[in-house]
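S.K.: For the record, the sequence lines run as chains W, U and P.
Going by the working numbering, the residue at position 471 of the first sequence is 471; the numbering climbs one at a time, nothing skipped.
Start counting at 1 in the second sequence, then tack on 1000, and there's your number in the working numbering.
Start counting at 1 in the third sequence, then tack on 2000, and there's your number in the working numbering.
Rather than coming from a laboratory, the hints here were simulated on the basis of the structure.
Heads up, the beta-carbon is just placed ideally off N, CA and C, and yes, glycines get one too.
Each hint should be verified, as a subset may be incorrect.
Unchecked claim - In silico negatives: residues of chain P with every beta carbon more than 10 Å from chain W:
(1) PRO2034
(2) GLN2045
(3) ARG2304
(4) PRO2332
(5) ARG2336
(6) ASP2340
(7) GLY2359
(8) ILE2450
Claimed, not checked - Just so you have them, the derived chain W footprint on chain P, three or more residues with Cβ under 8 Å:
(9) 2103-2109
(10) 2146-2156
(11) 2209-2217
(12) 2306-2315
What the hints assert, rightly or not - Here are the simulated lysine-lysine pairs, DSBU-like style, with alpha carbons at most 30 Å apart:
(13) P/LYS2122 <-> W/LYS339
(14) W/LYS5 <-> U/LYS1072
(15) W/LYS404 <-> U/LYS1143
(16) W/LYS491 <-> P/LYS2052
(17) P/LYS2252 <-> W/LYS131
(18) U/LYS1309 <-> W/LYS314
(19) W/LYS130 <-> U/LYS1381
(20) P/LYS2252 <-> W/LYS491
(21) P/LYS2282 <-> P/LYS2325
(22) W/LYS72 <-> P/LYS2468
(23) W/LYS66 <-> P/LYS2468
(24) W/LYS339 <-> P/LYS2230
(25) W/LYS396 <-> U/LYS1309
(26) U/LYS1121 <-> U/LYS1072
(27) U/LYS1309 <-> U/LYS1366
(28) P/LYS2252 <-> P/LYS2325
(29) U/LYS1317 <-> U/LYS1408
(30) P/LYS2252 <-> W/LYS130
(31) U/LYS1381 <-> W/LYS109
(32) U/LYS1381 <-> W/LYS131
(33) U/LYS1121 <-> U/LYS1366
(34) W/LYS130 <-> P/LYS2372
(35) U/LYS1317 <-> U/LYS1168
(36) P/LYS2252 <-> W/LYS276
(37) W/LYS276 <-> P/LYS2230
(38) W/LYS339 <-> P/LYS2317
(39) W/LYS463 <-> P/LYS2122
(40) U/LYS1154 <-> U/LYS1143
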Amino acid sequence: MAILKEAYQALESIVGPEFVSDDPGIREAYRKGGYGKNRPALEGQALRPGCVILPGSTKEVQQILKICTQYKIPFIPIGCFGIATQSPKVPDVLSIDLKRMDYLEIDEKNMYAICGPGVIYAQLQAECLKKGLATEGPGCGVGATVIGNHLNAGVGPLEYRMGWAQRRMLGLEWVLPDGDIVTLGSTSLDDEDYFWGEGLGPDLRGVLRGTFGWQGGMGIVTKMATKLFPFPGQDLERTGISPRTGFNMPPHLMKWLNVFYNSIEEAAFAMHELSKAQVGMALMTAPFSWRYFSRATSKEDFHESWQEALPELKETTPYMMRIMLVGLAGPKQLEYEEKVVREVIGRVGGDVREGRPFDESWINNADAHRIMFPGGMETSMKFHFDSLDASIELAKAAAELKRKYTPPLLDDYGIPGWLQMGDFGHVAFCEILVYFDPTTDPNDCYQHEVGFVESVRQDLELKAYCGLQGSYGPEPQIIGPAYNNYHLKEKELQDIFDPLHISNPPRPLDYAYGIDLDIDLSPQK
Amino acid sequence: MTLIDFETYRWDAQNCVRCSNCRWVDFIWMASLQFSKICPSSARYGFDAYAAHGRLEIALALANGELEWSPKVLEEIYTCTLCGACDVKCLRNVGLEPTQTLEWMRQKAVDDGQGPMPEHKAVAENIANNRNRYGTPNDNRGKWLRSDARPVQKADVLYFVGCNSSFKQQQIAQATAKLLNASGTEFMILGEQEWCCGNQLYNVGLVDQAREMAEHNLKAIEESRAKTVVASCAECYQTLKVIYPKLMGKSTTDLGFEVLHITEHLDQQLQNGKLKFTAPVNMRVTYQDPCRLGRMSEPWTHWEGKRGKYGIFDPPKPRRKGTYGAYDPARNLLNAIPGLQVEEMERRKDQAWCCGASGGVRDAFKELALWSARERIEEAKEVTGAEAIISACPYCKENFTEVITADKERLQTLDITEIMLQAISPEGKEAC
Amino acid sequence: MQIKEALIGIVGAENVSDDPQELATCSRDHSLSPARSPNYVARPQTAEEILKIVQLANETCVPLVPSSSKVHFNGGAIPNLGGIMVDLQRMNRVLYIDEYNRKARIEPGVTWAQLQKELAAKGFMPLFPLLPHAQKSALTSHLERERILIPRFEFDEPLLTTEVVWPRGEIMRTGAAIAGIGEDTGSVARGAFPHGPGLDWWRMFQGAQGTFGILTWGNVKIEYLPEVNKTFFMPFDDPNDAIEMIYRIGRKVIGYELLMLDSTNLASILADQWPDDFHKLKETLAPWTVILILSGAPILPEGRIEYEEETLQEIAKELSYSDLKTSLLGLPGAERKVVDLLRNAWPEDRTYWKWAAKGECQDLFFITTLDKTPMFIEAVGSVVVEHGYSVDDIGYYIQPIESSRACHCEFNFFYDPADPKEVAKITELYTDVARVALNLGAFYSRPYGILADMVYPRATGYTTMLKKTKGVIDPQNIMNPGRLCF
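Whole structure, please, built from the sequences with the hints as guidance.
M.R.: Next comes the structure, spelled out in structure tokens:
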């Protein structure tokens, strides 16, 4: 144990002996985080933490961080441990697992939920659906914690109507690295009132997160309210036995329409025209590979069917635009929106097919991790947030780049990712996904990393908005210098609020990124 | 030597993405915050070392020699009820089979002279000395028989009674026998030739001793020439159907006889019109899917091969995902009982919450076992307003009973055979 | 004199003033905030000129107060500590209308009237707050988070990306614009996504009353100008009933503009001739009116209006409400007039609607939830009466936000600025009402003037963090010092 006995005893006095441990087995279970961009790079690097603690309240979190400050103990806040950035990268870390803090309260009338950091989306969604409300299950799956994911990513299909996670954050309670508590939004004036996120005056949610946030590098959010949205969830029927579980969608209120194209441009054009009409609850193009691993019964099954299908897919390059229609106002809205979709597709072309009235992926994203079927690891070569037209341009370039690194990346065709619109089409998101095996051959991992850095350079060369910020990319090395050295401003804020740099070091600004892999990190190649 | 080769599953431990699905009820079926968890040890202790994803990391460290055995590490491993929920969840999405690694760790602990837990060793000693887990003379195994239960000397159906119903909750065996009679099923029993099935021996890593039980019982069954073996205990059922072939390096289909749980057999008889429930049972009940009758009961298919890139098994390995567990027979039977209102708990079928008794937990970690049972009882009360929680495994009932008695709950617990007995004859009520 | 010369060197003599009369004009606005003159007014036209002014301010430690509009209502542009007023009215170009992505890149001097006109020519409309003054800066309205009239858009915020001159003397864009803006500049980036790089710097400029930097342009969301509309007026005697109607409409996510006004404000807006029309209308109007405009999308517009109207009828039935109206008694054409009004700035040839009654108006507004608004209405009414006013003397405006999840609650106190006694009286009333509302849970997300003094001492954690953050962004505190908690 590297954490001082005195500090350990202090921690024990806060949470009791049941909820703190320096046992090697307990610590081992907190060595390696889940998926996320830099998991492969961490394979050989992640360290066992020095100690693990499970606080049960804000007060305990506050006291723990004060102990960390007093003894200069680096700490890592952990929600569900779904991302690699919560793996210790420096020795003798205190991993703070927040799962006991699963407080949840829903204001049904005013459509928001107050969550503790241990609450996952699936829990929130379960409670929301009963009340005719919904949150958005993110693309990474509803096993993610609501707070952790809001602070880090929060990208999902319903953003087309519900807006981005950054905006869904309302009042919140935040324990800064030194143990001081700050409350944001309406909570800044009233500890009990969480309904509003902005202000007072300048909006300090801006310090809390931007593209990807601090990834635990700025204390711990112990309570947060998130916006909820009207959604006829009571009418969903749960059905099936694992692995085929899902919601039967009430046909009078919900419908999937899938429209098929042979080029991404055609699909995007249709998306654009539909967004003008402001119809739908989700609007996206999804890669065909998703269909294959969603329907596969096992890895072997996926690879067999994928390899069999790939030659023809490469030849015909099919794209599927999906739109989920929901009658928020009732069946008549659904009828109207379907009419609009058919009218638009009639004008712009496309083969409309009614989807199965079934959902396991978007309302409560239950099968997100089936994305691991193909390789073992999925990462994002591009996170691109901007507009639809920018996304299409960049996605095409990224697809070319990906081919350069295939294999070891899993072979695919066309645009190997998904595009989706936000805010009824004002903004769009594009993610280029790559699948590979991070463990069987170390060179595959290395090649993936090289390709990834190349992708960042590509963004800069094309003057596209590189979304791989925070610990997801070489921020201080390449991205920051290209964007007015914004990372140095971030560093200054970090120096003020975490002068000891004890909150999940070295994140989010990892100056050592890539060094162990000997990757060329020059801005231009 | 461990029965399971960790190298086959190393890829799983390395590629666990920490999605935590293994801790939660299927996200589609999750219906509330309160009853959203599925792993008892993780829910009870909190630390990730008590959930499958953390245990995979521990396994990797043990295999790599980066972690040494300690009492705490043993506790982290043996507090798992091996209920199979993590397998169902992980296979649904990520395609890994954590239970194989969980079993391997216990086998390794025994191999390394560290496991199992002292309480398990005591049970193992009882079995070694007396062929049953309670240490009483095995000659008494058939003493549950009453005059109104009528086994025959030779029949196609063999009733494998199990230690618990033979020695402790004999009313389950008695009810089973009467139900077999009532459904026109001629059946035989092995008597003292029935040895403990060895479920716990296998689960705690005592592979060799478990194999000894398997060899004996399989031989006894073979000699009986039974075509069908019926078990009223979910653990015996799973042992016969899944663990024996696993231990013997064969598939379930190669056993030479069919293994049925009493609910499966009686459901068939119900559908055939040979079993009729005539006496109303006016009660509101809910049903506990025993893990080993439900998600863990799919047949075992022997597999040999290697694992390659992307974790692909060559040749493809059949996965047991809990899809084809025996969920419906018990429900069919209960729903056929006049007057009985059957309400579902939120966590049901493949998503059922383990009562906490299995995997050796009730013996070695009683507090956890009872905590888990208490959680389930809360769910039964809150979600369904039930008067009784019905199970199809004596260990579930035993565990529930202890909590209900201690907490002075008004809720009853019954084995499914007991409530069926009430439905075939008014006297059945008194018998229970 | 050195500063003036330096300013002349940056923007030219014709764009610098220290004329006492002009400075006096800048010293006050249409709020009750105390007057204070700047020492200079500089009128830059480019980001580079602003940058030089910021550098000058840093060198000389002279405060800067950005000002974009010709008219100001909340005291935010009154130079509390003097200094240089950076008047951005010359930066009045609509730089680009991105029809594909439904956004417009506008400079801070672009007024609501101008923006509406330029967008309408292309079949678009800006996302309006309630009847802004024609000369008010559209970008500043969005930057200051003035609430839009359409709660249907759950995503709510119109402001996307910005270019900012930072207080430490650099120009940096926020969001995707840092990579590029498209517009034939050769970038893939279009500058649509607001977040990042790294943190959400843009949020710190929002609601900051010019204390964190100076925007040189912003990309703002625009929408198609609906061609088919149907207006509904829903009169209510009891605000609780009106609120329930708004909740139900929000839950069904129907309609475009949705708002609630009292008879004073609605009459003020609809009156053509003062005071006769106003009084007549006020007599005929119900105490509260909920206005909902159903609008068609560019494709199959009638179909949308049809199902939305049916939904509205169903809601009315559920609430046993039988007063859904598509016109206003005694005001023929009100249904079309309201659409025209709400999708425009206030007509330039008419006295601003808030000033028509008495010449001036002080607004008190805050964010709350709809269910609390009747309580605020009652409490404010009591204070008003205690101060010798009638509740009829003040205006009320409730703007639902994000499908009625929350609302902007506004009280308008009309007064005669030429009557010092009344000014003193209304100042006292305003202060009391503000305090009472705060104690009842009003959230002043944009704390202007005395409200800042009320809220920041209560929010010690937020205030401390805000000050530290400001210390990083503006270490010399040159941007609008004395404002908010700085």
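S.K.: Confirm or reject each hint.
M.R.: Evaluated hints:
{"no.": "1", "hint": "PRO2034", "result": "19 Å, holds"}
{"no.": "2", "hint": "GLN2045", "result": "23 Å, holds"}
{"no.": "3", "hint": "ARG2304", "result": "6 Å, violated"}
{"no.": "4", "hint": "PRO2332", "result": "30 Å, holds"}
{"no.": "5", "hint": "ARG2336", "result": "23 Å, holds"}
{"no.": "6", "hint": "ASP2340", "result": "22 Å, holds"}
{"no.": "7", "hint": "GLY2359", "result": "29 Å, holds"}
{"no.": "8", "hint": "ILE2450", "result": "14 Å, holds"}
{"no.": "9", "hint": "2103-2109", "result": "violated (count 1)"}
{"no.": "10", "hint": "2146-2156", "result": "holds (count 4)"}
{"no.": "11", "hint": "2209-2217", "result": "holds (count 3)"}
{"no.": "12", "hint": "2306-2315", "result": "holds (count 6)"}
{"no.": "13", "hint": "P/LYS2122 <-> W/LYS339", "result": "27 Å, holds"}
{"no.": "14", "hint": "W/LYS5 <-> U/LYS1072", "result": "19 Å, holds"}
{"no.": "15", "hint": "W/LYS404 <-> U/LYS1143", "result": "74 Å, violated"}
{"no.": "16", "hint": "W/LYS491 <-> P/LYS2052", "result": "26 Å, holds"}
{"no.": "17", "hint": "P/LYS2252 <-> W/LYS131", "result": "14 Å, holds"}
{"no.": "18", "hint": "U/LYS1309 <-> W/LYS314", "result": "23 Å, holds"}
{"no.": "19", "hint": "W/LYS130 <-> U/LYS1381", "result": "20 Å, holds"}
{"no.": "20", "hint": "P/LYS2252 <-> W/LYS491", "result": "45 Å, violated"}
{"no.": "21", "hint": "P/LYS2282 <-> P/LYS2325", "result": "17 Å, holds"}
{"no.": "22", "hint": "W/LYS72 <-> P/LYS2468", "result": "22 Å, holds"}
{"no.": "23", "hint": "W/LYS66 <-> P/LYS2468", "result": "20 Å, holds"}
{"no.": "24", "hint": "W/LYS339 <-> P/LYS2230", "result": "21 Å, holds"}
{"no.": "25", "hint": "W/LYS396 <-> U/LYS1309", "result": "28 Å, holds"}
{"no.": "26", "hint": "U/LYS1121 <-> U/LYS1072", "result": "17 Å, holds"}
{"no.": "27", "hint": "U/LYS1309 <-> U/LYS1366", "result": "42 Å, violated"}
{"no.": "28", "hint": "P/LYS2252 <-> P/LYS2325", "result": "19 Å, holds"}
{"no.": "29", "hint": "U/LYS1317 <-> U/LYS1408", "result": "48 Å, violated"}
{"no.": "30", "hint": "P/LYS2252 <-> W/LYS130", "result": "17 Å, holds"}
{"no.": "31", "hint": "U/LYS1381 <-> W/LYS109", "result": "29 Å, holds"}
{"no.": "32", "hint": "U/LYS1381 <-> W/LYS131", "result": "22 Å, holds"}
{"no.": "33", "hint": "U/LYS1121 <-> U/LYS1366", "result": "15 Å, holds"}
{"no.": "34", "hint": "W/LYS130 <-> P/LYS2372", "result": "25 Å, holds"}
{"no.": "35", "hint": "U/LYS1317 <-> U/LYS1168", "result": "39 Å, violated"}
{"no.": "36", "hint": "P/LYS2252 <-> W/LYS276", "result": "20 Å, holds"}
{"no.": "37", "hint": "W/LYS276 <-> P/LYS2230", "result": "20 Å, holds"}
{"no.": "38", "hint": "W/LYS339 <-> P/LYS2317", "result": "27 Å, holds"}
{"no.": "39", "hint": "W/LYS463 <-> P/LYS2122", "result": "28 Å, holds"}
{"no.": "40", "hint": "U/LYS1154 <-> U/LYS1143", "result": "19 Å, holds"}
Hint violations for this structure: numbers 3, 9, 15, 20, 27, 29, 35, all remaining hints satisfied.
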